[in-house]
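Please build the complex by placing chains B, C, D and E with the ligands on the supplied structure of chain A, with the hints as guidance.
Residue numbers (the numbering used here), protein chains in the order written: chain A, 1 to 326; chain B, 327 to 615; chain C, 616 to 932; chain D, 933 to 1458; chain E, 1459 to 1796.
There may be inaccurate statements among the hints.
Stated by the list, open to error - Computed cross-link-like contacts, SDA-like style, restricted to lysine to any residue with a CA-CA straight-line distance of at most 25 Å:
hint: 1; chain 1: C; residue 1: Lys663; chain 2: D; residue 2: Val1051
hint: 2; chain 1: D; residue 1: Lys1346; chain 2: C; residue 2: Ala668
hint: 3; chain 1: D; residue 1: Lys1269; chain 2: D; residue 2: Asp1323
hint: 4; chain 1: E; residue 1: Lys1550; chain 2: E; residue 2: Gln1503
hint: 5; chain 1: C; residue 1: Lys663; chain 2: C; residue 2: Phe680
hint: 6; chain 1: D; residue 1: Lys1273; chain 2: D; residue 2: Gly1300
hint: 7; chain 1: C; residue 1: Lys708; chain 2: D; residue 2: Ser1134
hint: 8; chain 1: B; residue 1: Lys389; chain 2: D; residue 2: Glu1238
hint: 9; chain 1: A; residue 1: Lys63; chain 2: C; residue 2: Ala821
To be verified - To be clear about the criterion: a stretch of chain B counts as covered by chain C if any three or more of its residues have a C-beta under 8 Å from a C-beta of chain C, and this derived list gives those stretches:
hint: 10; region: 456–464
hint: 11; region: 468–477
hint: 12; region: 547–559
hint: 13; region: 577–585
hint: 14; region: 589–598
Claimed, not checked - Facing chain B, from chain C, some residues (calculated, C-beta under 10 Å):
hint: 15; residue: Met631
hint: 16; residue: Val634
hint: 17; residue: Val637
hint: 18; residue: Leu644
hint: 19; residue: Tyr676
hint: 20; residue: His677
hint: 21; residue: Gln679
hint: 22; residue: His759
hint: 23; residue: Leu762
hint: 24; residue: Val765
hint: 25; residue: Val767
hint: 26; residue: Leu868
hint: 27; residue: Leu869
hint: 28; residue: Asn889
hint: 29; residue: Phe893
Worth flagging that the hints you see were computed from the coordinates, not collected in a lab. Where is the CB? At the ideal position from N, CA and C, for every residue including glycine.
In case you want the letters, here they are:
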Amino acid sequence: MADTVLDIRNLRVTFTGGAKHVRAVDGVDLAVAPGEVVALLGESGSGKSVTLRSVLRLHPEAKTRIAGSIVAAGVDVMALTGAALADFRGKTVSMIFQEPMLALDPVYSLGQQITESIRKHEPAVSAEAARRRAFELFEQVRIPSPERRLDAYPHEMSGGMRQRAMIALALACNPKVLLADEPTTALDATVQVQILLLLRELQRNLNLSMIFVTHDIGVGVEVADRIAVMYAGRIVEIGAVRDVIRTPRHPYTIGLLSTRAQGGRLSGNRLTTISGSPPDLANLPPGCAFAPRCASASAACREAAPAPVDLGAGHVVRCIHTAITA
Amino acid sequence: MPERVNEIIRSPGFWVTVWRRFLRDPVALAAALVVLGLILMAVFAPWIAPQDPFQGMSLRRLKPPGTEGYPLGTDELGRDMLSRLIHGARISLFMGIVPVLCALFIGAAIGIVAGYSGGWTNTLLMRTVDVFFAFPSVLLAVALAGALGPGMTNGLIALTLVFIPPIARVAESVTTGVRSRDFVEAAKASGAGALLIIRKHVLGNVLGPIFVYAMSLVAVSMILAAGLSFLGLGVKPPQPDWGLMLNTLRTAMYTQPLLCALPGVMIFITSISFNLMTDGLRSAMDIKA
Amino acid sequence: MILYATKRVLLTLPIMLGVTIVCFALVHLAPGDPLISVLPPDASQSIKEQMMALYGFDRPYHEQFLRWLWRVLQGDIGTSIRTGRPVSTEISKAVGNTLMLAALATCIGFLLGTLFGFVAGYFRDTWIDKTASALSVFGVSVPHYWLGMVLVIVFAATLGWLPPTGAGPGGSEDWKWDWVHFKYLILPAVTMSVIPMGIIARTVRALVAEILSQEFVVGLRAKGLSEVGIFGHVVKNAAPTALAVMGIQLGYLLGGSILIETVFAWPGTGLLLNDAIFQRDLPLLQGTILVLAMFFVVLNLAVDVMQTMLDPRIQRA
Amino acid sequence: DAGAQSVLRIAMTAADIPKTSGQPDQGFEGNRFTGIPLYDALTQWDLSSADKPSVLIPGLATAWRVSDTDKTKWTFTLRKGVKFHDGSELTANAIVWNVDKVLNKDARHFAPDQIGVTVSRMPNLVSARRIDDFTVELTTKEPDSFLPLNLTNLFIASPAHWQKKYDALASVSDAAERAKQAWAAFAADASGSGPFKMARFSPRERVEYVKNEAYWDPKRRTKLDRVVLLPMPEASARTAALLSGQVDWIESPAPDAVPQIKQKGFILHTNAQPHVWPWQFSFVEGSPWLDKRVRHAANLCVNREELKQALGGLMEIPKGTVPPGHPWWGNPKFEIKYDLKAAQKLMADAGFGPNKRLKVKTLTSASGSGQMQPVPMNEFVQQALRACYFDVELEVVEWNALFTNWREGAKDPKSRGAHATNVTFAAMDPFFAMVRFTSSKTQPPVSNNWGHFVNPEFDDLIAKARTSFDDKGRDAALARLHARIVEEAPFLWVAHDVGPRAMSSKVKGVVQPKSWFIDLAPMSMQ
Amino acid sequence: MRESDNVPLLEVRGLVKHFPVKRNLLGRATSVVSAVDGVDFDLRQGETLGVVGESGCGKSTTARLLMHLIEPSAGTIRFGGKTVGSAALPLKEFRRQVQLVFQDSYASLNPRLTVEESIAFGPMVHGTARTQAQARTHALLERVGLDPRRFAGRFTHELSGGQRQRVNIARALALQPRILVLDEAVSALDKSVEAQVLNLLLDLKQEFGLSYVFISHDLEVVRFMAARVLVMYLGRVAELAPTEALYTDSRHPYTTALVGSLLSMNPDRRTEAAPISGDPPNPIDPPPGCRFHTRCPHAEPVCAAGVPGLGMRAQEHWVACHMGDPMSGHSKAPARAA
Ligand SMILES: Nc1ncnc2c1ncn2[C@@H]1O[C@H](COP(=O)(O)OP(=O)(O)OP(=O)(O)O)[C@@H](O)[C@H]1O
Ligand SMILES: Nc1ncnc2c1ncn2[C@@H]1O[C@H](COP(=O)(O)OP(=O)(O)OP(=O)(O)O)[C@@H](O)[C@H]1O
Ligand SMILES: [Mg+2]
Ligand SMILES: [Mg+2]
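So here's chain A without its partners, still in its complex pose (with noise of 0.2 Å):
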């Protein structure tokens, strides 16, 4: 695609830390048009979070093997280092965290790591002004009497209180790009959708790109225009939100989809299950990693991982079997 503002290529991600070598991630490509909304969905584990972090740099890199190539923005991200990887972090692409209690420093008021991050990247502005912007950030993502909230610490706040700080925080220098990692897992159904729609209408209002990780093909299906489902370390399937959700391709995100106890429809007959248990990374099988617990799982699958296959309209499926699920 021409017009991206954010570009994954080939990224492969190896943790070299412990006993065993862990790839995280095995060669995941995703390209993010302004202004799109990327779902990315799969099971624990699967390598969500580890994709969304390296945007960011954010792995150790005393034990973490990263290749690949990612540009945001123009930027080569894999080429910045010290200042200039500081200066790229928060104000071109910034991130939203799952636990905001875990992710917010305890010690310092909100308003403190607002005007922390407004004058990081933006040294010109005075302590009144960087506040005076919390203050309008804080409004903005409707946050009650914000002035006060300004001074509360996070453990002061509720859960859907601290995730719009969050949200406040990680918008705080206009970034490009938002990468949010399932912001909304932690939160009750009534907060969680109020937390949606705050975020879908600040994306479209500032015209954000955005990579939102969840679990729950619900939420990827609320705010996404495109998702694309994780399978231990690669993305299997990537398509707009209509044709994943309605003609999926690829027999994990088929699935994935029939597992979901959804309605009446079903109560009290059994649900359809994936069988097994997700892959251990360390020890990956040679072939497709989902193979083992594939119905229609062949020799081919066990021999070679599958080639991508384009189905046409962005839709791109890793499984060799795409004639059968169809």
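Only chains B, C, D and E with the ligands this time, still in chain A's reference frame:
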């Protein structure tokens, strides 16, 4: 009735795993070997020591290390330094380990009871413990030993009293932590009584950390016990004790500095070995799923 | 906050009472004659009894305790049997000296300890960490009184650079903060700083490693903070605990200075305690232990309140 | 200016400065450093010779005699023109006042904490009475010829100076409390009549003296500008202080450092002291020492030459409680020496041998004033006695406990069944040297006849000595007593201390007499 | 219908639990969390009762109260007609009838015990011989889909989340209880594993004739599992109704909001407005009256004034809302029936 399956694959238990992890830590292993060596040295002192540690001769006083027949020299009474250091391991290790063990029994009992029962029992026990905790340990040890008078038994009593409060506190907090865990609730839900729960579910989870904590006090206890002897409040002469040897050799500090330093070196080696071993054990026990 | 502080103070009262009981009981556990320091062994029985009555040692224990406690509450912690000087003046001077020593030792220990701890925590599992950790293990393992002796042998007796003992050429009353006097402080303070150095280094290392492993550090990186900026956050997060540890270490040094002060003849509370024990000066012993223990209790209290003030996470009520 | 001053800095062995109020504690080190330099007594020791035994000479009293009719009444004639450091004059009232301070409970300035040391050293003194301005009458409980010797311990403090301190405390209402505080103030700013005046007192750390230009005895007017006394209980710390130039003089250097001290050009002074380092035997039922052969065997079994070598020469080999040549020596028939054969034979006679060893238990301490090096020395004795079939068990108790037990006696449970105790003593006056160990009247708890040595013959000898008021007769009686003591051997005599002190060669005019004391006055600094 | 359907297996009446959170200097509680504040419901033989509500609304506290793991501040629990803790039904006896499965599968297994020991513990407490208890353990492991040969000797940390939760279920079943309380038992699992465990629960229920109290904040899962659903809000029951009625015809504004928060799964019909704003209030100072009135779009002064009672509004459909109560004085309340 269903059949019992017999050929079960058993995972290595917690302590086996800890042991294996421990064996993989070279520093801790080396430290443990040193400790083992010291303990063996203490146990077999009469057989290992080349000379009688009490038999001195004034004509060969304060010979420097390396003297013929006295590889580590002789002390202020002409007794063989090597033999005294070997025999000294007995009392010094004893004074390092026994008070901690006694305190471990008493302190763990207090802490576990307080932690598991909570409420008033807890308040009563822990406030009493706090009173003793309100004394810096050296002060308490010195004050007790000073009040009771010097001697090994008094030293033991003093040190035991010093170590009960910290162990009780650790035991209490660990127990309180375990008590609120879901598996204890589950055991209660199975209808088990308090004693059974403590035995089966609390002790197993609590003793490890308490034990490791107590282990870390052994080095402190050794240094403190030697310190008491050094002040003249601990072991009485002519017992070979490293702290006391340090004290009695102090007058020869200017003539035979190397010789005077030896007992201190032994204390240092022992305490650092214990510390490194404890560190190793602690990280070996830190098994994350 | 004030309510919290009041509450903490009130909760400390029973402990203080317990401490007084222990202090009183301690010296009455002591075998031997309480008047040994003023009565030569050849004094006759009648003189002895007369003196026992004069000092009130003939009364029942609980009565002695209550009288003693009553006087303590009025600020009178007794009179040294041997010298006839009020225990309070003896102690206040000694506390001053020990405080000077302990404060310097805490500073050295704290500076080095924090440095080693930070370095080790930051560069976890590298050779830097190993070196710094080795130093801290050394700190907690070395018998400091022995180290003191070794330092005296090296720097005083052999090299002659520093004086071996005492508190200045003119004694502690002539103390001045100049090099001539400061020289006397160096060896004891360095020796004394070794343990807090080790403990603080270990605490800080664990603390820093723990903080660095927290998610919010990733958050800080993600918002573009440099390592220096992150360092600031780590410091602020570590500060309450680190300061509390330092406070308690200061307390331990104040109360546990006896070995060092004996080695260096430093005229502080430790030496006073040593004298009191070996001269069997019971009021002095009692008073010194009481003051030191109370000091420790109050310090703990202060540390606690300070920690609460520094750490916004702790609920204050 | 400071540089031109001659300052003598001394490290004492005491852990604290001995009391400065006129009745020093800390044993004789107290008399040595805070008694004799600051104060005078009615009588004093002649410390001017290193060779002759120190004898009694006039001090503040120029003459004294016992009444012919009533042997409990003594008159002392006072020296005229003596002034205290505060300028007040010494008169008979001052003597009465100083006696009252320890003996008259109703006196305003009664000082309970000074009673102990004073009264026990003058057990028979009862009261003092002014005859005229320069004559006082002292009364004893019973006739006691030792009184003039005892009076060396009664240092005379200035009543006027004390009164000033007392008057300054008008705010203190309780009289006893006020007196107590006045004494504390006096101790911090003492006033006696000695050759030195107190210049600075810093509790537990140092006391400083300057010269008393107006001292009455021109021979003892000092050239020293200033004397600084520092308590340093650790032998090694003292040694370090000397070697590093922190002090000019240390008492009892670490024996092992003596060669090094000498090699570095410091001077070691020693001289035999009237001091005994003994095992004092128990004569309680069941004690193995009841057999005189065993007592003699022990005394013959210790090679004291070797011990002396082990102590770096810092001891004198004893022949009795006092040495031959002393007026009290008396030529005992039993000679204390090393004779293993004879010792073994005596033991064999007593029924012991290599296969029938004798178990004895001795109390000692790890440290203590005058104890020299108790542990090594006792271990040495323990080993020496092994050759004579003794199995010695050493029970090391805390010094104060040992000391307390000294007057509780061998029968007391706190003696833990010991058969001997190892408390060293000073042998300067006949009571302390001999009487208290051998009189049936000094059995515990009265005094230090720890072993309950009871023998009517000794009681007679003692009574005779006490009532011989002419010096010759008294000394002869004491000599008979001493000879009998050596013969009966209620002690194992091990050593005499030599009072080693090391000092810089800059200290001049040092005379170390055969005494526990030393006079600072004639010294100077180069 | 069997006759046991008529007598509820479990009757809960007026259950209240207050936790003291602040104490004054004398140790008296000055403020309390009313974690559960008057909960009534019945559980019938063989049914699954779903319990939903936002975080902190007292679901877990209710579960623990049901088990008598904590003492209720007020209220009674009757099991099979007998009051729990009375002479007729001592606690220990009751406890073998009701068992609990927790959300955190890791924390609810003793890390120092093997799977086998954990499961056999309950029966052994109740006097079963070791060998027999082990035999039952193996059978149960088999039943929950874990090969006893491979899993009986393992420790907690050697199991995956789904396996651990199966062990927990086996542990709960070892006492052959009649009721299983599942407190967020599947919330921590991945969707694919969650489905496996849900299926297992369905099978076990059939096989052992169990009744479930199924606590979850996932409305989808509750809808799938439960026959009736209890909605809690800040320690109180908001609504209790048969599942379909609740999801399609909710009567309480909170339930409506909750159901409205369900995500559509339809990219063409995305949620446009949040059905409700704000977070649930702090249970330390719960709002007076109806606890929901601070967030309720229909709130009126009466709502802050009086606590709405739980009333039957339709067949088996209980609601605690002033809008449903003709006597309340709420403007939207139905007119008083004649
Ligand atoms: N720093 C690290 N060192 C070693 N392994 C890591 C590290 N970070 C992540 N991993 C491993 O990489 C794999 C992918 O992790 P990742 O966090 O991306 O999963 P995820 O898809 O985000 O899962 P979840 O939904 O649970 O957040 C996991 O197996 C994890 O254990
Ligand atoms: N032991 C306790 N002491 C004090 N407060 C408690 C205690 N246990 C629970 N609470 C409080 O009671 C309220 C209800 O807690 P409970 O755990 O029952 O909620 P829940 O509905 O299970 O929430 P979640 O969905 O988060 O598990 C909460 O506000 C909680 O903080
Ligand atoms: Mg993740
Ligand atoms: Mg819960």
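Do the hints match the structure? See the list:
With a C-alpha separation of about 11 Å, the suggested pairing of lysine 663 of chain C with valine 1051 of chain D holds against the 25 Å cut-off. Between lysine 1346 of chain D and alanine 668 of chain C, the direct Cα distance comes to roughly 23 Å. Compliance with the 25 Å bound is thereby established for this hinted pair. Taken as a hint, the lysine 1269 of chain D and aspartate 1323 of chain D pair is honoured in the structure, with Cα atoms around 21 Å apart against an allowance of 25 Å. In summary, the hint linking lysine 1550 of chain E to glutamine 1503 of chain E is supported, as the alpha carbons are separated by about 21 Å, within the 25 Å threshold.
Under the criterion of a C-alpha separation no larger than 25 Å, the hint pairing lysine 663 of chain C with phenylalanine 680 of chain C is consistent with the structure, at around 21 Å. Taking the CA atoms of lysine 1273 of chain D and glycine 1300 of chain D, the gap is about 34 Å. The hint is violated against a cut of 25 Å. As the CA atoms of lysine 708 of chain C and serine 1134 of chain D are separated by approximately 10 Å, the hinted pair is consistent with the 25 Å bound. Under the criterion of a C-alpha separation no larger than 25 Å, the hint pairing lysine 389 of chain B with glutamate 1238 of chain D is consistent with the structure, at around 17 Å.
Simply put, lysine 63 of chain A and alanine 821 of chain C have alpha-carbon atoms about 20 Å apart, close enough for the 25 Å limit, and the pair holds. Coverage of the region 456–464 of chain B by chain C holds [criterion: at least 3 residues with CB-CB distance below 8 Å; count 8]. With 7 residues bearing a CB less than 8 Å from a CB of chain C, the region 468–477 of chain B meets the requirement of three and the coverage assertion stands. Counting residues of the region 547–559 of chain B whose beta carbon lies closer than 8 Å to any beta carbon of chain C gives 7, which reaches the threshold of three, so the coverage claim holds.
Here's how the region 577–585 of chain B fares: 3 of its residues keep a CB closer than 8 Å to some CB of chain C, so the rule of at least three is met and the hint holds. Taking a C-beta to C-beta cut-off of 8 Å, the region 589–598 of chain B contributes 6 residues in contact with chain C, enough for the three needed, and the coverage statement holds. Hint on methionine 631 of chain C holds. Least Cβ distance to chain B is approximately 8 Å, under the 10 Å limit. A distance limit of 10 Å between C-beta atoms decides the matter here; for valine 634 of chain C the minimum to chain B is near 5 Å, and the interface restraint holds.
With a cut of 10 Å, the hint placing valine 637 of chain C at the interface with chain B holds, because the nearest CB-to-CB distance is about 6 Å. Among the interface hints, the one on leucine 644 of chain C holds; its C-beta lies about 5 Å from the nearest C-beta in chain B, closer than the 10 Å criterion. Residue-level restraint check for tyrosine 676 of chain C is violated (minimum Cβ-Cβ distance to chain B is 14 Å; threshold 10 Å). The interface hint given for histidine 677 of chain C is violated, since its Cβ lies 18 Å from the closest Cβ of chain B, which is over the 10 Å cut-off.
With a least beta-carbon distance of about 15 Å to chain B, the hint placing glutamine 679 of chain C at the interface is violated under the 10 Å criterion. Nearest Cβ of chain B to the Cβ of histidine 759 of chain C: about 8 Å, under the 10 Å cut. The hint holds. A distance limit of 10 Å between C-beta atoms decides the matter here; for leucine 762 of chain C the minimum to chain B is near 8 Å, and the interface restraint holds. Below 10 Å, beta-carbon pairs count as interface contacts, and valine 765 of chain C has one with chain B at about 6 Å; its hint therefore holds.
This hint holds: valine 767 of chain C has a C-beta 7 Å from the nearest C-beta of chain B, less than the 10 Å allowed. About 8 Å separates the beta-carbon of leucine 868 of chain C from the nearest beta-carbon of chain B, less than 10 Å, and the hint is met. Among the interface hints, the one on leucine 869 of chain C holds; its C-beta lies about 7 Å from the nearest C-beta in chain B, closer than the 10 Å criterion. Checking asparagine 889 of chain C against chain B by beta carbon gives a least distance of about 7 Å; that is within 10 Å, so the hint holds.
Annotation: phenylalanine 893 of chain C was flagged as interfacial toward chain B, and the flag holds, the nearest CB pair being 8 Å apart, inside 10 Å.
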